[in-house]
Amino acid sequence: MSITITPVANERMRHFLAGSPAAAGVRFGVKRTGCSGFAYVVDLAETVGDGDQVVEVDGLPLIINDSSAALVEGVVIDFQRQGLNASFVFHNPNATGACGCGESFTVS
1 MSITITPVAN ERMRHFLAGS PAAAGVRFGV KRTGCSGFAY VVDLAETVGD
51 GDQVVEVDGL PLIINDSSAA LVEGVVIDFQ RQGLNASFVF HNPNATGACG
101 CGESFTVS
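Counting from 1, one number per residue, gives the positions in the sequence shown under full-length UniProt numbering.
To be clear, the hints were calculated from the coordinates, so they are not data collected in a lab.
Be aware that a few hints might be false.
What follows is a list of derived Cβ distance ranges for each label pair [as the list claims (entries may be wrong)]: (1) Gly-49 x Gly-83: 35 to 41 Å; (2) Thr-47 x Arg-81: 16 to 22 Å; (3) His-91 x Asp-43: 18 to 24 Å; (4) Ala-86 x Asp-66: 28 to 34 Å; (5) Ser-108 x Val-8: 28 to 34 Å.
A virtual CB, placed ideally from N, CA and C, is assigned to each residue, including glycine.
Construct all of the structure, not just a fragment, from the sequences and the given hints.
Quick look at the structure:
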């Protein structure tokens, strides 16, 4: 599994993990939603389940469920601030389209 996390995104994820020392890592994947089909999920993972993979990226444990693995292969995760807004930004080579608001994506 090849996922890249920029230094600023890595720092942000480590900040969240520091606040929850019992967490197993950062859960990263997709869910079906939005007008284009899929949206990204980034959250703390309390446990690692049977259908999960643990991928270590620059010392950061990412927990990815098997159903998301093919959809997030090759993704670059960044974290950007624009004015008062701050969010993770995803560059996915598998995405073939996105909705106008940028909240969901399509894979064909």
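Each hint tested on the structure:
1. For the hinted restraint 35 to 41 Å between Gly-49 and Gly-83, the CB-CB distance of approximately 38 Å keeps it satisfied.
2. A C-beta distance of roughly 31 Å is found between Thr-47 and Arg-81, which places it outside the suggested range of 16 to 22 Å.
3. Between His-91 and Asp-43 the Cβ separation comes to about 20 Å, which falls inside the hinted range of 18 to 24 Å.
4. Judged by the Cβ atoms, the range 28 to 34 Å given for Ala-86 and Asp-66 holds: they are separated by roughly 30 Å.
5. Range check, Ser-108 to Val-8: Cβ separation about 31 Å, and the 28 to 34 Å hint holds.
Going through the hint list in order, the structure does not satisfy hint 2, though it satisfies all others.
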